[in-house]
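Asker: I would like the entire structure built from these sequences, with the hints used as guidance.
Position 182 of the sequence shown, counting from 1, maps to 692 under my numbering, and the rest follow consecutively.
Be aware that one or more of the hints could be misleading.
[Said to hold, decoys possible] In silico PhoX-like links for lysine-lysine, alpha-carbon gap of 20 Å or less:
hint, residue 1, residue 2
1, K629, K677
2, K526, K629
3, K532, K607
4, K636, K607
5, K622, K563
6, K530, K629
7, K677, K526
8, K668, K622
Rather than coming from a laboratory, the hints here were simulated on the basis of the structure.
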Amino acid sequence: MNVEEVTMDAEERMEKAVTKLKSDLTGIRTGRATPGLVDSLRIDAYGSPTPLKQIASVSAPEPQQLVIRPFDPSVMKDIEKGIIASDLGLAPQNDGKVIRLNIPPLSGDVRKKMVARTKELAEDAKIAIRNVRRDANKALDTAAKDKTIGEDIRDAVKDEVQELTKKYETEVDAAAKAKETEVME
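Answerer: Set out below in structure tokens:
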């Protein structure tokens, strides 16, 4: 691997860690109804587990309610079973056309658990970013040992990788802080 490939690979992998964190954070409940709550839900429809967003549209017409409108009415019961079986703790109300999910306000203890989960996810993302930095530094050390790059170039690129690490860790902190604020509202 040459120097540009090392930095490009490191940046790409760090970006993926941040993207995954943001995706995971959308599934954390807040006191407000958001379609992201049910994004990761898989429904046993048509003989296989299917993501809910592929078989229904999800909207939040009110701050405390989600409305799930299946594209095919025959999967209504399957969606209902999937929601009940999930760990969301929500009771679906089926009126034959749509499924409504009322989102109860969160208690103080539940909010604290959600904040703790957010911190956990953020720390996992930071660990992933640091692992990418370690891999990049290892590749640079190997290249310097093999005399394919000079030590001064290695050190300069290591500094560049460290700057990338700081940048993406800052993004992780910002995303986690925003989610914590949202949960505590």
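Asker: If a hint holds in the structure, say so; if it doesn't, say that too.
Answerer: For each hint, the structure was consulted:
no. : hint        : result
1   : K629 x K677 : 18 Å, holds
2   : K526 x K629 : 18 Å, holds
3   : K532 x K607 : 32 Å, violated
4   : K636 x K607 : 44 Å, violated
5   : K622 x K563 : 29 Å, violated
6   : K530 x K629 : 14 Å, holds
7   : K677 x K526 : 13 Å, holds
8   : K668 x K622 : 38 Å, violated
In terms of the numbered hints stated before, the structure departs from hints 3, 4, 5 and 8, listed from lowest to highest.
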